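Colleague: The chain contents come next:
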Amino acid sequence: METCQKRRDFIGMALTGVTVVGGACALGAMKKSWDPLPSVQSAGFVTVDVSTIEEGEARSFAWRGKPIFVLRKSADTPKNAKRDVVIGEKVFTLVIGLCTHLGCIPSYDAKKKSFICACHGGVFDASGMNTFGPPPRPLDIPPFKIAGETLVLGEEGEEYKKLTAKKA
Amino acid sequence: MAEIRKSEGFIDWLDQRLAVKAFMRVMMTEYWIPKNINFLWAMGVVLVVLFGVLLVTGLLLLMYYKPDINLAFDSVNYTIMQEVEYGWLWRHMHGVAASATFLIIYIHLFTGIYYGSYKKGREIIWITGMVLFIAFSAEAFSGYMLPWGQMSYWAAQVITNLFSGIPVIGDDVVIWIRGDYVVADATLTRFFMLHVVLLPLVIIVVIAVHFYSLRFPHVNNQESEVFDFESESKKFLEGDKKESKVVPFWPVFLSKDFFVVGFFMTIFFALVCYQFDFAMDPINFEPANSMKTPAHIYPEWYFLWNYEVLRGFFFDIGGMAAMDIGLIAFVIANIVFMILPFLDRNPMNTAPAHKRPVFKYWFWLLVCDMIVLTVYGKLPPTGVNAWVGFVAAVIFLGLFIALPFITKHEAKGDAQ
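Line by line, the protein sequences are chains A and B.
Each residue of the first sequence is one higher than the one before, counting from 217 in my numbering.
Each residue of the second sequence is one higher than the one before, counting from 35 in my numbering.
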């Protein structure tokens, strides 16, 4: 009787063990199936020509499915050493054009010199700093590298590292 | 093993093999429902009918819908709406039924609160009901994404982005849920899977548990009168139907429910045929564009109240970012109803709200506050609107914080 019980217990424990290990592995596999595909992850590096942007003009580009705003600051726009991308004489604001609140796309209002988000009323200044409303942080700066008068988005150049170092 | 004899007919043949007669007795003719109820007790059956409508129309839509970002919009707005015979009917029925389901869920929910049907043995009914509410919310959200219009896209963007509020891993979770850096094809196909398979399965299972959990504490009644179902049902079976306090589910209770269902479906089809526009946002007739946010984003009416709680907190308080406060409030708003049976510290008093001195004010204040939240959830969050939203959101949370104290106070009054 007792041996019988022991054998049953053993089968029960063996089954439990196999199920737990197998289940954990299966969950891991399922998690990975939901991950972005390699083709999506390597969707690449985008080169953006900023030489033709006029003073005070904001232009948008697409990078990894996200809008990127490049604003060339006019002379009377306040500078921000922690965020400005300087190419020669020209000073640019380079940001991901998604409101840091819930990901809507703000638009640049040249008169107010601000990025304004229509969804929940968030406002960012010309450097991308949040000045009003629910956004919890300034607009994000995408990784970039300066190459002549173009910007390579997705690559972490020296200037990008300097900016992120200052932030910290 | 049952004794199998030559059958006297088809039903008897089935009965010997499946015990259909006993099954019908348990499920229908001897499932006892109190007499002292009103039309509000018919909402469960109305919801079952609506779920049936959603299932059948959904199957028909599924035959032509294409879950691909390049094909989805046209498969809905051209193929289903213009080419498929009666495709427009299935789509409008599906959309209006989704809206109607939430209307009836809210009536069902407030009925439960008003008559104290969430406590004293009925906690599991209440909790499974709230699980159904969350599952239906996920179903509605995933379904809204499928036509791949501007509102589909930006609702998906905003809602998936909510997960970025999770500390540390938030941003990675968002990318994981979407399967891409932004809402994209991978997002559409996985939410399609959720909408047509996983969530409906979950809903069907939870509905079964919801019904099962009703069998033991029985259906509540208007006065919350406690009586012995066994002796009352005996009276009924012995022919004393007038004296008995109960009626069988079938044919007595259901026939009355069918009347309510008939009345309701008349209104439903009037909406489907003449007022279907309310479930069809004009902005969603523009194909999804990841580079252009619509000027004003709002959810369907049934999500407006918790959406307003989310955005009601628009300024930082004590070093906490506005967004984080809003998110926490939003999460609380979505689960606080679930723990209602435990916030009510007067668990033995199931009297209807109008017989409870303080609770009745609490109840109507909650209803009014949720209507205010719903109305202001639709308005742009500027100027005084933002403040109304803030105050209404604070009142909403405050009501649930106050509930244990109010009910405890009531319980003391009852004891005297």
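No lab work stands behind these hints, which were simulated from the structure alone.
Since we're looking at a predicted model, the values are computed, not measured.
Please note that a few of the clues may not be correct.
[As the list claims (entries may be wrong)] Under the rule of at most 27 Å between Cα atoms (straight-line distance), these lysine-lysine pairs were calculated in the DSS-like manner:
1. A/LYS282 to B/LYS100
2. A/LYS329 to B/LYS326
3. A/LYS328 to B/LYS326
4. B/LYS69 to A/LYS247
5. A/LYS248 to A/LYS306
6. A/LYS327 to A/LYS306
7. A/LYS248 to B/LYS100
8. B/LYS389 to A/LYS282
9. B/LYS412 to B/LYS69
10. A/LYS248 to A/LYS298
11. B/LYS100 to A/LYS327
Colleague: Given the hinted pair A/LYS248 and A/LYS298, is their Cα-Cα distance within 27 Å?
Modeller: Roughly 37 Å between the alpha carbons, so the hint for A/LYS248 and A/LYS298 is violated.
Colleague: Can the restraint linking B/LYS412 and B/LYS69 be considered satisfied, given a maximum Cα separation of 27 Å?
Modeller: Violated: B/LYS412 and B/LYS69 sit about 41 Å apart, past 27 Å.
Colleague: Between B/LYS100 and A/LYS327, is the straight-line Cα distance small enough, at 27 Å or below?
Modeller: violated (44 Å)
Colleague: Given the proposed pairing of A/LYS328 with B/LYS326, does the C-alpha separation stay at or below 27 Å?
Modeller: holds (21 Å)
Colleague: Does B/LYS100 sit within 27 Å of A/LYS248, going by the straight-line distance between their CA atoms?
Modeller: Roughly 25 Å between the alpha carbons, so the hint for A/LYS248 and B/LYS100 holds.
Colleague: Need the status of pair A/LYS327, A/LYS306: alpha-carbon distance at most 27 Å?
Modeller: holds (20 Å)
Colleague: Tell me if the straight-line CA distance from B/LYS389 to A/LYS282 falls inside 27 Å.
Modeller: Violated - the C-alpha atoms of A/LYS282 and B/LYS389 are around 57 Å apart, more than 27 Å.
Colleague: Could you grab the alpha-carbon distance between B/LYS69 and A/LYS247 and see if it respects the 27 Å cut-off?
Modeller: violated (51 Å)
Colleague: Take the C-alpha atoms of A/LYS248 and A/LYS306, compute the straight-line distance between them, and say whether it is at most 27 Å.
Modeller: violated (44 Å)
Colleague: Regarding the pair A/LYS329 and B/LYS326, is the alpha-carbon distance no greater than 27 Å?
Modeller: Within the cut-off at roughly 20 Å; holds.
Colleague: Given the proposed pairing of A/LYS282 with B/LYS100, does the C-alpha separation stay at or below 27 Å?
Modeller: With a Cα-Cα distance of about 25 Å, the restraint between A/LYS282 and B/LYS100 holds, given a limit of 27 Å.
In summary, the numbered hints that this structure violates are 4, 5, 8, 9, 10, 11.
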